[in-house]
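Chain residues, written in single-letter form:
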Amino acid sequence: MDNIAGRKSGLSWAVNLSVLALVVLWLIPTLGLLVSSVRDRDQIAATGWWMTPVPVEMTFRVRVAAPDEQQETDAGFVVEGNVLEEPSRAHWFEGGRGAVTAFGTRSVDPTEFAPGDSAELRGGGTLTVAADGSFRMVSDEGFGRPVNVLFQARVPPRITTENYDTVLTADGMDRAFMNTLTVAIPATVIPILIAAFAAYALAWMDFVGRGVLIAAVVGLLVVPLQLALVPLLNLHNQIGIGQSFMGIWLAHTGFGMPLAIYILRNYMVGLPRDIIESARVDGATDFQIFTRIILPLSFPALAAFAIFQFLWVWNDLLVAKVFLPSGSASQVMTVLIADDLIGSRGGDWGILAAAAFVSIAVPLLVFFTLQRYLVRGLLAGSVK
Amino acid sequence: MTPLLQGMVTILVGVTACVAYFWLSNWVLDRVIFPARGPNAGRNINRANLVRPWLFLFPAIFVLGLYLAYPVVGSFVRSLFDRSGTEFIGLGNYIDLFNSSGFRVALRNNILWLLVVPAAATAFGLLAAQLTDRLSWGNIAKSMIFMPMAISFVGASLIWRFVYANNFDIGLINAVRGVFGAERAIDVLQIPFWNNFFIMFIMIWIQTGFAMVILSAALRNIPEETIEAAIMDGAGPFRLFFSVKVPQIMGTIVVVWTTITFLVLKVFDIVYTVTGGNFGTHILPSYMMNFMFRDDGRATAVAFVIMLLVLPVMVWNIRQARRELR
Chain R
1 MDNIAGRKSG
11 LSWAVNLSVL
21 ALVVLWLIPT
31 LGLLVSSVRD
41 RDQIAATGWW
51 MTPVPVEMTF
61 RVRVAAPDEQ
71 QETDAGFVVE
81 GNVLEEPSRA
91 HWFEGGRGAV
101 TAFGTRSVDP
111 TEFAPGDSAE
121 LRGGGTLTVA
131 ADGSFRMVSD
141 EGFGRPVNVL
151 FQARVPPRIT
161 TENYDTVLTA
171 DGMDRAFMNT
181 LTVAIPATVI
191 PILIAAFAAY
201 ALAWMDFVGR
211 GVLIAAVVGL
221 LVVPLQLALV
231 PLLNLHNQIG
241 IGQSFMGIWL
251 AHTGFGMPLA
261 IYILRNYMVG
271 LPRDIIESAR
281 VDGATDFQIF
291 TRIILPLSFP
301 ALAAFAIFQF
311 LWVWNDLLVA
321 KVFLPSGSAS
331 QVMTVLIADD
341 LIGSRGGDWG
351 ILAAAAFVSI
361 AVPLLVFFTL
371 QRYLVRGLLA
381 GSVK
Chain W
1001 MTPLLQGMVT
1011 ILVGVTACVA
1021 YFWLSNWVLD
1031 RVIFPARGPN
1041 AGRNINRANL
1051 VRPWLFLFPA
1061 IFVLGLYLAY
1071 PVVGSFVRSL
1081 FDRSGTEFIG
1091 LGNYIDLFNS
1101 SGFRVALRNN
1111 ILWLLVVPAA
1121 ATAFGLLAAQ
1131 LTDRLSWGNI
1141 AKSMIFMPMA
1151 ISFVGASLIW
1161 RFVYANNFDI
1171 GLINAVRGVF
1181 GAERAIDVLQ
1191 IPFWNNFFIM
1201 FIMIWIQTGF
1211 AMVILSAALR
1221 NIPEETIEAA
1231 IMDGAGPFRL
1241 FFSVKVPQIM
1251 GTIVVVWTTI
1261 TFLVLKVFDI
1271 VYTVTGGNFG
1281 THILPSYMMN
1291 FMFRDDGRAT
1301 AVAFVIMLLV
1311 LPVMVWNIRQ
1321 ARRELR
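Protein chains in written order, with this note's numbering: chain R, 1 to 384; chain W, 1001 to 1326.
Because the hints were derived from the structure by calculation, they are not lab data.
Predicted model only: the values in this text are computed from it and were never measured.
Idealized CB from N, CA, C, for every residue including glycine.
Among the hints, a few may not be true.
Each pair of labels, with its calculated beta carbon distance range [as the list claims (entries may be wrong)]:
1) R/Leu-181 with W/Arg-1239: 46 to 54 Å
2) W/Val-1073 with R/Leu-20: 50 to 58 Å
3) R/Ser-12 with W/Gln-1248: 18 to 26 Å
4) R/Thr-161 with W/Gly-1178: 51 to 59 Å
5) R/Gly-240 with W/Arg-1083: 19 to 27 Å
6) W/Arg-1083 with R/Arg-273: 52 to 60 Å
If the Cβ cut is set under 10 Å, some of the chain W residues that face chain R in the computed set are [stated by the list, open to error]:
7) Ile-1011
8) Ala-1069
9) Arg-1108
10) Trp-1194
11) Phe-1197
12) Asp-1269
13) Met-1288
14) Met-1292
15) Val-1313
16) Ala-1321
Make a model of the complete structure from these sequences and hints.
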């Protein structure tokens, strides 16, 4: 209706552009994480992730084991070879890609000479490295000990899953992933049934105190979680649950309950009265009405809450830190990342990115496949 | 038993127990206590219907009471005792807190968060909702802006650590500064006071999608006639937005605002992951975790201060809900 009466909005261009800018701004950080997680760790240190498609200039060091390889010729003792083919570096330059852009003999200045130049070696003799990596060292007296050759090469971008391999094996993300799953599934399933019965009673049964109970649920909806930590942990310790999976399932069941009741009640209240009344007239009990009519009809709201609760539990850090023991046997991913990896792998950006992506992959999948229900649930919760 | 198997068994036991409880309790009520036959059939049915709601509600009330209502009282009582929990010290913990500079900084930051984050997220959300409203690719755009909602606070913090990194080749902010000729990389998370805003932006980034989804639904619900009439009267797009649309969705804007406010008071993950509370960035929830497992008295005192901050909005919320009921 903005363009009523032939007034095509002149702002159309501006709108398209600003939305584009907003979307890009919102996506770039996540994109950076994803790209970084599949880059080689040396390349991450060398250039920004936005330069991923561009070859990277990297500095390498090779030790040329001179005494064994030198051959005596007319020109003196000669060592020949190719710096790009040295075994520990070769994976960078597969299929003859890559080119030497500079070389040197001292680590303080690895780019002292251009390819093809002749460099004086400190121990006597000269060194030449060509752009294709082949080198030639010549000395009259022969080489007594290995020579360090430093070179800078243009390296093709390298996409790898090494970071993921590392976090999943060495850093224990695999175990943490299973632990997160173990926490999330029961903590999602169990509250639903309890809440559904309560929501039905609050929506369709008449009794004294209903209004007070609904108000109480609304109030409890916003009780800060922080209040519950100390008293409940003490309670769990007293009754012998302690810090355990059982404890965290119970805790999440409790903390998710107000939202579950709230969402489900709001939805159930909106179901057509006729169906329920005619079922009553036909002699159905409340229990039958609930299981046969209300539950199947409330599927969208049940799904919405299930998604909420699943995302919330999966992403939770606070409850897991307090109600689960801190050893790696039961650590969930958020705790592992926040407490261990950031400390021990703080500067290892590729590892951190891979770990973060492992932890957000499932929520993103849930989000993009079930977005419809999520949006519906949000709207049921807050828009009348 | 592996934890995952234990989880499956728990689901099975839990669900079976729930179903069994509801079915059995209803059965007992209808067949044993108040059978719907015999001389008192009618009276019994009425009585059964008086009791039944409480059967339906009992497990939920029990859980709510134990896990949310009891802790409010339990935390308050605990906060009146010293570290060991044996000696009653009245408001001693609170007095100590208000005398410590760390707590005052956390409180100040928290108030900043409360002022800035809900306002900014709602504003961005409203902007995004209005702009994407009639765009052909609006739904895709919305989906992208909404996406951070699915990401954990820890994940989001890591994502933004990359952006804020003190390094020209990792941190986007420094990279942009580098393009404009900056010589040295800076650590934006160590700039006193302003670092708080960089951390807040992470939360705003997450919550904008939430605000957008709800406000966009509200915008669609505005009666077309009001908009048509305004256009007929010659209102421009800005006038239309601020004088016609926004007033009509004010109720929803307030709901979004308060919802984000509550969230801001709970979230300790971001501060904890990004700076660990260093460089003067603590907020109350993260400050509380300093004492968790060490000094329960202090920890509960901080938690209760958070509760006091929530209280006014909570009361307002309950009143709102009661008004809707009538």
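Tested hints:
1. R/Leu-181 with W/Arg-1239: 46 to 54 Å: holds (52 Å)
2. W/Val-1073 with R/Leu-20: 50 to 58 Å: holds (52 Å)
3. R/Ser-12 with W/Gln-1248: 18 to 26 Å: Hint holds: Cβ distance 23 Å, inside 18 to 26 Å.
4. R/Thr-161 with W/Gly-1178: 51 to 59 Å: violated (30 Å)
5. R/Gly-240 with W/Arg-1083: 19 to 27 Å: holds (24 Å)
6. W/Arg-1083 with R/Arg-273: 52 to 60 Å: holds (57 Å)
7. Ile-1011: holds (5 Å)
8. Ala-1069: holds (7 Å)
9. Arg-1108: violated (18 Å)
10. Trp-1194: violated (19 Å)
11. Phe-1197: Interface hint status for W/Phe-1197: violated (16 Å vs cutoff 10 Å).
12. Asp-1269: holds (4 Å)
13. Met-1288: holds (6 Å)
14. Met-1292: holds (7 Å)
15. Val-1313: holds (7 Å)
16. Ala-1321: With a minimum Cβ separation of about 4 Å from chain R (threshold 10 Å), the hint on W/Ala-1321 holds.
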